[in-house]
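Engineer: Here's the letter readout for the chains.
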Amino acid sequence: KAGVTQTPRYLIKTRGQQVTLSCSPISGHRSVSWYQQTPGQGLQFLFEYFSETQRNKGNFPGRFSGRQFSNSRSEMNVSTLELGDSALYLCASSSKTGTRSGELFFGEGSRLTVL
Amino acid sequence: QQQVKQSPQSLIVQKGGISIINCAYENTAFDYFPWYQQFPGKGPALLIAIRPDVSEKKEGRFTISFNKSAKQFSLHIMDSQPGDSATYFCAASTLFSGGYNKLIFGAGTRLAVHP
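Top line first, the protein sequences correspond to chains D and X. The first sequence begins at 17 in our numbering and counts up one residue at a time. The second sequence begins at 197 in our numbering and counts up one residue at a time.
Simulated from the structure, these hints should not be mistaken for lab results. Backbone N, C-alpha and C fix where the C-beta goes; we use that ideal spot for every residue, glycine too. Worth double-checking, as some hints may not be accurate.
What the hints assert, rightly or not - Listed next, the in silico DSSO-like pairs over lysine-lysine satisfying Cα-Cα at most 30 Å (straight line):
no.	chain 1	residue 1	chain 2	residue 2
1	D	K112	X	K254
2	D	K112	D	K73
3	X	K201	D	K112
4	X	K211	D	K73
Claimed, not checked - Far from chain X, some chain D residues (derived; all Cβ distances over 10 Å):
no.	residue
5	R31
6	Q33
7	G125
8	L131
One chain only, chain X, in its complex shape (with noise of 0.2 Å):
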């Protein structure tokens, strides 16, 4: 009930095009859903993050939707540049697991945008 399920494994898009991440959860205390990019080399940064009261966020060129009734999140990359090839990573976090430092991490989508 502790995980969050991530798809695809890896995903190639053509510069210009539309990147889409989903993301499932079990674990209904989750409610806090952030969205981490990694870079070779480098740790986690965080990208975007969206709590359960709105359905749809958005910052630039990145949006979360998000389904509380599916349980079900997503990240929509909008005109994915090559810059934007990592690997992403959704997660998920509750007060009542230890608090929202503690991330239930996905297993990670290995994404390439092809000029």
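Okay, chain D solo, but in the shape it has when bound (with noise of 0.2 Å):
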């Protein structure tokens, strides 16, 4: 079975332009979670997607944008870009939502870097 995958794994940007980043989680899962990770601020939750709908959002500002097609495949966007964006963008899939607990499968992310 395959991973979560992620494109693009790298990419540098400016400031001040925008980034989408992709995520195709595991076959059968429904759920798709984002995550930023920085040495500074560690692993932290950017928003949780179900069947095609916005469960959950951290505490980012709303620059950090995503969304979940029918197919599960998950994007997320982040515009007018600082240099504190640059980070790993991980993804995560799971078969289970809401009130059920369930294992997180993370891809290897995104890293971005914003020069």
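Using the hints, build the complex out of the two chains.
Structural biologist: Structure follows, in structure tokens:
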């Protein structure tokens, strides 16, 4: 069974630009969560999508947004990039959501560098 | 109150020794406590998880000890091996803060097991 696939793996942007990251969950998983990982702040929850609906959102500004498609694939977008947005963005899929906890399967991440 | 405090930040253990990582939390609503293992260049992977209705859970060489009254939980790695060298994250979640897929992570512990 293929794991969680994230693209691109590495990208470099300049301040003010926007970026779109893509995530393909494990087949059959309908929940996709996004996390930001930085040396200073660690792993922080961005948002979760289930059946094309955003279920939860973390404490990030509105510049961070996401969506999920009918095939459960998800994208996240960061607009007006700032230097502090440089991070590893991790996508995780799960077969369960809400009241039922499930193992989160993480991808290898997309490493964003903002210059 | 949403924080999970993890210690130590780094840990060096000899092969065959016991590695112990501790976490503490404040939010008494947390009721799901997973541990994730992350190797360089990879996403985190679930190692073991516990709910507060049990005080200990063991899977192979990995054991979670849970102290509900002290609001603390710890990971013990018995017979530590060089292949266990990785960064370990404790986490917590609750249905009431957005569901179990919204994990609050500790800052991480970098474990090095020397041969």
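Engineer: The structure should be examined with respect to each hint, and the outcome stated for every one.
Structural biologist: Hint check:
The hinted pair formed by D/K112 and X/K254 meets the criterion: a straight-line CA distance of about 24 Å does not exceed 30 Å. Distance check on the hinted pair: D/K112 and D/K73 sit about 17 Å apart at the alpha-carbon level, within 30 Å; holds. Straight-line distance between C-alpha atoms of X/K201 and D/K112 comes to about 27 Å, which keeps the hinted pair within the 30 Å bound. Of the pairs offered as hints, the one joining X/K211 and D/K73 is violated, with about 42 Å between alpha carbons and a cut-off of 30 Å exceeded.
Residue placement check: D/R31 keeps its beta carbon more than 10 Å from all beta carbons of chain X (closest about 26 Å). The claim that D/Q33 is not at the interface with chain X holds, since no C-beta of that chain comes within 10 Å of its own (minimum 25 Å). Consistency note on D/G125: stated as away from chain X, yet its beta-carbon is not over 10 Å from all of that chain's, at 6 Å minimum. Distance check on D/L131: its Cβ is at least 22 Å (rounded) from any Cβ of chain X, clearing the 10 Å threshold; non-interface status holds.
Violated hints, in rising order: 4, 7; the structure is consistent with all others.
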